[in-house]
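Q: Using the sequences and the accompanying hints, generate a full structural model.
The sequence shown runs 296 to 588 under this note's numbering.
Just so you know, the hints here were simulated from the structure itself, not pulled from any lab data.
Errors might be hidden in some of the hints.
Computed cross-link-like contacts, DSS-like style, restricted to lysine-lysine with a CA-CA straight-line distance of at most 30 Å [as the list claims (entries may be wrong)]:
(1) Lys544 with Lys530
(2) Lys485 with Lys443
(3) Lys544 with Lys534
(4) Lys310 with Lys412
(5) Lys543 with Lys509
(6) Lys443 with Lys478
(7) Lys478 with Lys442
(8) Lys442 with Lys485
(9) Lys532 with Lys544
(10) Lys549 with Lys530
(11) Lys549 with Lys502
(12) Lys502 with Lys485
Quick list of the computed label-pair ranges, beta carbon to beta carbon [unchecked claim]:
(13) Gln439 with His402: 53 to 59 Å
(14) Val480 with His516: 51 to 57 Å
(15) Ala437 with Ser495: 40 to 46 Å
(16) Ser406 with Asn306: 23 to 29 Å
(17) Gln419 with Ser362: 24 to 30 Å
(18) Ala305 with Asn472: 50 to 56 Å
(19) Asn422 with Thr335: 45 to 51 Å
(20) Glu489 with Ala437: 26 to 32 Å
(21) Lys549 with Ala497: 48 to 54 Å
(22) Gln344 with Phe559: 41 to 47 Å
(23) Arg488 with Asn513: 33 to 39 Å
(24) Arg487 with Leu424: 46 to 52 Å
Quick caveat: nothing in here was measured; it's all calculated off a predicted structure.
All C-beta atoms in this analysis are idealised placements derived from N, C-alpha and C, irrespective of residue type, glycine included.
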Amino acid sequence: MPLSPLRAIANFLQKLANTDNVASETPDNIVSNTPSKSTTTSDVELLVQQLSRTSLSELASTSPLTSETRLNHPTLHVISPIKQKQGDVLSIQPSTHNEVLLLSALHKAESANAGLKRCVIELQATNVLNQLYCLQLRGQLANQEAKKQSKKKNGKLMSDGLPRLLSSDEFYERVMNHEKEQKRVADDKKTRREEREQRSGALATWKRLEDERKQENNEQHTRYHEAVEIWNEEKSKAKLLKQKFMLKKPVLGKLQPPVPRPRFNACEDDDNESAEDVIALNEDSSDDSDDER
296 MPLSPLRAIA
306 NFLQKLANTD
316 NVASETPDNI
326 VSNTPSKSTT
336 TSDVELLVQQ
346 LSRTSLSELA
356 STSPLTSETR
366 LNHPTLHVIS
376 PIKQKQGDVL
386 SIQPSTHNEV
396 LLLSALHKAE
406 SANAGLKRCV
416 IELQATNVLN
426 QLYCLQLRGQ
436 LANQEAKKQS
446 KKKNGKLMSD
456 GLPRLLSSDE
466 FYERVMNHEK
476 EQKRVADDKK
486 TRREEREQRS
496 GALATWKRLE
506 DERKQENNEQ
516 HTRYHEAVEI
526 WNEEKSKAKL
536 LKQKFMLKKP
546 VLGKLQPPVP
556 RPRFNACEDD
566 DNESAEDVIA
576 LNEDSSDDSD
586 DER
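A: Given below as structure tokens:
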């Protein structure tokens, strides 16, 4: 009979518990035969190998889990009711030394059994919560897998490879829905392509107007600096000749303001900005700084 994953982990934990118990009972002056760290590592490797041969082999592999992975939650164990202590037995007055030891051992056993039963109830309650949690996760994972699978169909009517009755009403309805979906996808692509073309054309026009504006502003800057140089020379000559200089200093004048950049609505299917958008953004920011000089 193959080993269940629950039994494999239970055996591993029991072995670790026995190892810790032996190590705690060994005196310090006695060489312990407790398994070393390498032995514990080998036990872990053995546990992984055992899990890889069970129904939960996905837990021991690097491959992602799927919604088909099932973990059985044994929540049907019967828990007996907690009974009151036997008052007649526990209230016996011991008359010998052996009776004192036996009565003390009975008290300890009763307390240990009560504690173990409480632990079992808590573990079973935790198991029920884990089962509900795993069911919700499997449902969400199955929904995510279904969405991914629907994207991979590529519009095929019989992508699963199963036979179809071509004259059935169900298949005819699927064909009609398929044609409608294909037409909708084609129309959406055409609309997005036209929007991209319009956006590219508008950005190209905006870029051309911005280039013309920059060139005109640069020429105006050049004429201004040349006029200032001539004005400084005339001022220097008048100062040397000790004449009164009445010529007014040239002014730059008003520059052409930036052309408003066209704005577009964000397209859901366009994850990345086009090259024209990036260029337009860079030039929009650079032109503002040029006009301030």
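Q: Hint by hint, note whether the structure agrees.
A: Hints, one by one, checked against the model:
{"no.": "1", "hint": "Lys544 with Lys530", "result": "10 Å, holds"}
{"no.": "2", "hint": "Lys485 with Lys443", "result": "25 Å, holds"}
{"no.": "3", "hint": "Lys544 with Lys534", "result": "15 Å, holds"}
{"no.": "4", "hint": "Lys310 with Lys412", "result": "22 Å, holds"}
{"no.": "5", "hint": "Lys543 with Lys509", "result": "27 Å, holds"}
{"no.": "6", "hint": "Lys443 with Lys478", "result": "22 Å, holds"}
{"no.": "7", "hint": "Lys478 with Lys442", "result": "21 Å, holds"}
{"no.": "8", "hint": "Lys442 with Lys485", "result": "25 Å, holds"}
{"no.": "9", "hint": "Lys532 with Lys544", "result": "15 Å, holds"}
{"no.": "10", "hint": "Lys549 with Lys530", "result": "25 Å, holds"}
{"no.": "11", "hint": "Lys549 with Lys502", "result": "21 Å, holds"}
{"no.": "12", "hint": "Lys502 with Lys485", "result": "25 Å, holds"}
{"no.": "13", "hint": "Gln439 with His402: 53 to 59 Å", "result": "56 Å, holds"}
{"no.": "14", "hint": "Val480 with His516: 51 to 57 Å", "result": "53 Å, holds"}
{"no.": "15", "hint": "Ala437 with Ser495: 40 to 46 Å", "result": "42 Å, holds"}
{"no.": "16", "hint": "Ser406 with Asn306: 23 to 29 Å", "result": "27 Å, holds"}
{"no.": "17", "hint": "Gln419 with Ser362: 24 to 30 Å", "result": "26 Å, holds"}
{"no.": "18", "hint": "Ala305 with Asn472: 50 to 56 Å", "result": "52 Å, holds"}
{"no.": "19", "hint": "Asn422 with Thr335: 45 to 51 Å", "result": "27 Å, violated"}
{"no.": "20", "hint": "Glu489 with Ala437: 26 to 32 Å", "result": "39 Å, violated"}
{"no.": "21", "hint": "Lys549 with Ala497: 48 to 54 Å", "result": "27 Å, violated"}
{"no.": "22", "hint": "Gln344 with Phe559: 41 to 47 Å", "result": "59 Å, violated"}
{"no.": "23", "hint": "Arg488 with Asn513: 33 to 39 Å", "result": "37 Å, holds"}
{"no.": "24", "hint": "Arg487 with Leu424: 46 to 52 Å", "result": "47 Å, holds"}
Consistency note: the structure conflicts with the earlier hints numbered 19, 20, 21, 22.
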